[in-house]
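Chains as they are written, first to last, in my numbering: chain A, 6 to 276; chain B, 172 to 721; chain C, 3 to 309.
There's no promise every hint is true.
[As the list claims (entries may be wrong)] A few chain A residues that face chain B, going by a derived Cβ cut-off under 8 Å, partial list only: (1) 38; (2) 41; (3) 42; (4) 46; (5) 55; (6) 58; (7) 229; (8) 230; (9) 241; (10) 243; (11) 244; (12) 246; (13) 248; (14) 273; (15) 275.
[Claimed, not checked] Pulled a few chain A residues facing chain B out of the computed Cβ check, cut under 8 Å: (16) 39; (17) 44; (18) 59; (19) 128; (20) 225; (21) 231; (22) 247.
Since the hints were derived computationally from the structure, they do not count as laboratory data.
Note that this is a predicted model, so its numbers are computed, not measured.
The C-beta atom is built at its ideal place from N, Cα and C for all residues, glycine as well.
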Amino acid sequence: MRLWAGLSLLCIVLLSALSADLVGAWLGLDAATPDLFARYAEPSAAHPLGTDDLGRDVAMRLLHGARVSLAVGLAAAAIGAVLGTAAGVLAAWRGGWADAVLMRLADALLALPALPLLIILSALDPAPIGLPRGEAAADILRVAVILAIFGWVGVARLARAAAMSVLAMDFIRAARALGVPEGRLLRRHVLPALMGPVGVATALSVGGAILAESALSFLGLGIAPPASSWGNMLAGAQEAVFQAPLVALWPGLAILLTVLGCNLVADGLRR
Amino acid sequence: MRAPILAFATLLAATPAMAQQRETLTIGITQYPSTLHPNIENMAAKSYVLGFARRPLTAYAPDWSLVCLQCETLPTIENGLAVRETTPDGRPGLRLTYRLREGLRWGDGTPMTAEDLLFAWQAGRDESTGFGAAEFYRSAYEMRVIDPRTIEMRLDKVTFDFASMGDFQPLPAHLERAVWQADPRNYRTRTLYDTAPTNPGLWSGPYRVSAVQPGSGITLVRNDAWSGQAPAFREIRVRTVENTTALEAQLLSGQLDMIAGELGLPVEQAAALERRARGRFRVEYRPGLIYEHVDTNLDNPILADRRVRQALMYSLDRARIVAQLFDGRQTVANSNVNPLDQMADPAVRQYPYDLARATALLEEAGWRPGPDGIRRNEAGQRLTLDLMTTAGNRSREQVQQVMAAMWRQAGIEARIRNEPPRVFFAETLSRRRHQGLAMYAWISAPESVPRSSLHSDEIPTAARNFSGQNYPGFRNAEMDRLLEQLPITLSPEARRPLWSRLQAIYAEELPSLPLYFRQDAHVWPQWLDGVRPTGHLNPSSLWAEEWRAR
Amino acid sequence: MSIPARLVQILVTLLALSCVFYLLLGLMPGDPIDLALTLDPRLTPADVERLRALHGLDRPLWARYLAWAGAVLRGDFGYSRLFAQPVFALVGPALWSSLQLLGAALGLAVLVGVGLGMLAALRPRLSPLVQGLAAIAQAMPGFWLGILLIILFAVTLGMLPAGGVAEAGEPGWRFLVLPVATLGFGHMAAYARHALSAMRGAMTDPWIRSARARGASEGRIALAHALPNAAVPLITLLGLDAGALVSGAVITETLFARPGMGKLIFDAVMGNDYNLALVALLLVAGVTMLGNLAADLAQRALDPRLA
Chain A
6 MRLWAGLSLL CIVLLSALSA DLVGAWLGLD AATPDLFARY AEPSAAHPLG
56 TDDLGRDVAM RLLHGARVSL AVGLAAAAIG AVLGTAAGVL AAWRGGWADA
106 VLMRLADALL ALPALPLLII LSALDPAPIG LPRGEAAADI LRVAVILAIF
156 GWVGVARLAR AAAMSVLAMD FIRAARALGV PEGRLLRRHV LPALMGPVGV
206 ATALSVGGAI LAESALSFLG LGIAPPASSW GNMLAGAQEA VFQAPLVALW
256 PGLAILLTVL GCNLVADGLR R
Chain B
172 MRAPILAFAT LLAATPAMAQ QRETLTIGIT QYPSTLHPNI ENMAAKSYVL
222 GFARRPLTAY APDWSLVCLQ CETLPTIENG LAVRETTPDG RPGLRLTYRL
272 REGLRWGDGT PMTAEDLLFA WQAGRDESTG FGAAEFYRSA YEMRVIDPRT
322 IEMRLDKVTF DFASMGDFQP LPAHLERAVW QADPRNYRTR TLYDTAPTNP
372 GLWSGPYRVS AVQPGSGITL VRNDAWSGQA PAFREIRVRT VENTTALEAQ
422 LLSGQLDMIA GELGLPVEQA AALERRARGR FRVEYRPGLI YEHVDTNLDN
472 PILADRRVRQ ALMYSLDRAR IVAQLFDGRQ TVANSNVNPL DQMADPAVRQ
522 YPYDLARATA LLEEAGWRPG PDGIRRNEAG QRLTLDLMTT AGNRSREQVQ
572 QVMAAMWRQA GIEARIRNEP PRVFFAETLS RRRHQGLAMY AWISAPESVP
622 RSSLHSDEIP TAARNFSGQN YPGFRNAEMD RLLEQLPITL SPEARRPLWS
672 RLQAIYAEEL PSLPLYFRQD AHVWPQWLDG VRPTGHLNPS SLWAEEWRAR
Chain C
3 MSIPARLVQI LVTLLALSCV FYLLLGLMPG DPIDLALTLD PRLTPADVER
53 LRALHGLDRP LWARYLAWAG AVLRGDFGYS RLFAQPVFAL VGPALWSSLQ
103 LLGAALGLAV LVGVGLGMLA ALRPRLSPLV QGLAAIAQAM PGFWLGILLI
153 ILFAVTLGML PAGGVAEAGE PGWRFLVLPV ATLGFGHMAA YARHALSAMR
203 GAMTDPWIRS ARARGASEGR IALAHALPNA AVPLITLLGL DAGALVSGAV
253 ITETLFARPG MGKLIFDAVM GNDYNLALVA LLLVAGVTML GNLAADLAQR
303 ALDPRLA
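Next comes chain A alone, as it looks inside the complex (with noise of 0.2 Å):
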């Protein structure tokens, strides 16, 4: 049910993201082109949920959004997954120092707050390692590894345990025996027992990551405007809440749909 009730609502997101040019061509409008005669717009039949700052269409932008924050979210989550995946993996079947010393940072990086440290990464500057400033696709990655760096600890706990389990069992050690190469070993048999539970850590990532951008843009430290994530705009309607607090509202509520998407999904894939 649970899991059902999160795919859809996920659904509607992407299929939002997905459509915004053909929305945008059906009606007309689009989430760049400021109207300076149309600021803060009530919503109307032109503007369904009215016009941000610069008399923006806040529906189109919240589509486009849509793009950059899920771009966000799948990006460092499919990083994470990657890297503790990897991470988990390795630890289970090397064991030893190798495991100790993964796991070890593993703890370390849990026990740590993270946004002080998310904060001083976000303030490096990603020149010299060729990365241009201020783009937007930069930015996203950018901002999904910062957050993977944080990421893969919670799937790499997950995998790790799951891959000892299978590791262990009776069918792996006659495998063995029989002289099956440890590469099959672990693509065949390990790496399959590891989709549910790095599945779940996944999702929860991809919400955390969207909750850690919105947190990070609150800072100015997320996705650099123009481009459009609902973290940057949320942050920027914050600063005119007085004057036009439905603003604020809406990026907010896509944020919380889509995390609660995202965590209604991980709960029923534990199930």
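Position chains B and C relative to chain A; hints supplied.
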């Protein structure tokens, strides 16, 4: 169910102290001063707070004229307190005499004397003390105490604003000299201004610092040793709230009485507040000397063409930006000189919004419309420019997006690439790494000569330690001559044509695209009188003894 | 691991972290003098050189780190450029203020969360409601909730201050209500869910069933028998939550203009104040790790199987 909630509400609402409100004044600002020492570091929040608690020798008044605060008479050539002379190494120099007002005392009752001025000069002249700009201390090569209230100083150059002493002011020698002498190199961390800021002897204004909460607030109380007009409030609390939404919320909930215009709400937020809370507050807008502009990079071949720079100006509807985004509360700039400055030339070339002329200029420069609406030159290069500003500055980011949209109408593509202020100022601008256009602001004193931003010697390079603020890389021989001539021309009437010429070159050549001069929005409670906003570097708090509760 | 071994581990981690932090801070673009340059057009090349040398910025990063580490070993934590105070004098009050906020928020989250979880376990009809509330609490962006609370309670109703700290003589608790609610709400969710599932599990224990058969009341069973059993996983959660709470404090303290470690770290990082940022970060990391250790110890005390 209703009753208990109401009871709870009254319980919570009962506490705010309304009765004693007029005894205290709580002011919100958006920045916290990093140090309270008058000469170390230079930031607006410090000037504002110190305005209550000490006075510089001279300052620009709210009417932008130079006045004596601690001295008796401004030296001029005519009154004989300034005398032209030749320095020992043969350059033209000046001898100035300043006499402290009678009856000045530090907060602990110690009389303020010429010795305090001498100490400030000695500390500043010592390289290791770590005062920020040492230009004045290098130039003032000699200082002598004539009598307990009088000093005489010699400057190794002659400038028209010689009487303005800037940051130079008496420091309490009876407290600070020993600290400084013990270890000049560490004076900036040992000074009583930061280790014991509530020591009354440090302060000489109508108020003195009584409590410091790092990062959040400074409390001042009436200074009994103040000999001027008696201030009206027993206590002034300056509170720092960086987030302007939170600042406004605290004002609306009654925690703050006023928001200082020097470091307060952006005009558009203040205008919206005025409309919504009509009658609760008075909002006064003071046009100021903060000059918002867009620096070009003249090494970029596209921008090196003057016609392109002019086309950028003609295709920008600045009047509409000001009207729609700022409620009309900014002054459209025609050059780098504020129209309120006495040296402003009203006849300077103006750039009204004129898309046709912009188009004509671009065509003439060889930029023809391309298939995607962006112009291209003969070689097929697209007319694309980077447009940078400080990320996180909401108002600039808004303007920037509108500007990009307006330029697109003229077939110019502006790619927005913003950076956090620390990167933008410290790395990009100061090392001239901006490829195209860079939007930011200057703040200046009235009639200050823009030498550091326009003289060709002031182009930042590695060889000069990247000092200098000529970020566009502007080289113009006539401009260089004007910038050298202006400071040493003492008669205002002789300076006027030079200023006119400077503005004419600026407006014609456009090393930077002028946008507008900012206005400060001062938000006051209805019962407060007597605050005189200045609009320049010297804050209104320098005249805080005139503030009255109605 | 024994307690001394854990303490040594924490110390080693802190040492490694100090190195990493210093490197990262050093990699941040722009130094204090660059910033001063843009603030003050009168600074000349000579001034820049003089100030760089005075602040020790002309030396390479590793040399600066060694000098800093040496000074710290001598008990000198350096000087904050941003607040012109010795770092140590700044960090103490900020930590105290943050601990008040975090303690109250955690208390609120645990009390309300566990209360709701138990309620849902005992009254299954209410369970969907509690789970829904928990799901929303978990998905809510913290600063958004804070803004909504400010609009409602501070601006519209005028019941509570919108932020800041109490002036002398004012009751300090009024300034804590909204930040604590903002921070506590998001964290409540996890406790509610864990309490719910732990209680459900505990309530089916044979031991509980026998208590019920003896005729003990439901409320008594829940408090006296099921809750202690459910407490062990909750304490694990408590330990893990410490880091997240500190992160939340950065947002909450910024939004409510409340001085504390979170805001101090943010200001220090953004203001290029290496000394302050470093000490504050290490302190926060140390306190979080000690919190973890305390949670582990409490867990062992409660659950003999782990000892």
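- Message: A closest beta-carbon separation below 8 Å is what the hint needs, so does residue 241 of chain A meet it against chain B?
- Response: holds, 7 Å
- Message: Let's test the interface hint: is any C-beta of chain B closer than 8 Å to that of residue 59 of chain A?
- Response: holds, 6 Å
- Message: Just to be careful: measuring from the Cβ of residue 248 of chain A to every Cβ in chain B, is the smallest value less than 8 Å?
- Response: Nearest chain B Cβ about 4 Å off; hint holds.
- Regarding the hint that residue 58 of chain A lies at the interface with chain B, is the smallest CB-CB distance below 8 Å? holds, 6 Å
- Restraint satisfaction for residue 246 of chain A [CB to CB of chain B, less than 8 Å]: holds, 6 Å
- Report holds or violated for the interface hint on residue 273 of chain A, using the least CB-CB distance to chain B and a cut-off of 8 Å. This interface hint is violated because 37 Å lies over the 8 Å limit.
- Message: A closest beta-carbon separation below 8 Å is what the hint needs, so does residue 231 of chain A meet it against chain B?
- Response: holds, 5 Å
- Message: Just to be careful: measuring from the Cβ of residue 46 of chain A to every Cβ in chain B, is the smallest value less than 8 Å?
- Response: Since chain B brings no Cβ nearer than about 13 Å to residue 46 of chain A, farther than 8 Å, the hint is violated.
- Answer holds if the nearest beta-carbon of chain B is closer than 8 Å to that of residue 42 of chain A; otherwise answer violated. At 7 Å from the nearest chain B Cβ, residue 42 of chain A passes the 8 Å test, so the hint holds.
- Message: So, as I understand it, the hint says residue 55 of chain A touches chain B; can you test that by seeing if any CB pair is closer than 8 Å?
- Response: Check failed: Cβ of residue 55 of chain A comes no nearer than 16 Å to chain B, outside 8 Å.
- Measuring from the C-beta of residue 38 of chain A to each C-beta in chain B, is the shortest one below 8 Å? Status holds, d = 6 Å.
- Message: Can you verify the interface hint for residue 39 of chain A: is its Cβ closer than 8 Å to any Cβ in chain B?
- Response: With Cβ-Cβ at 5 Å, under 8 Å, it holds.
Hint check: violations occur at hints 4, 5, 14, 15; the rest are consistent with the structure.
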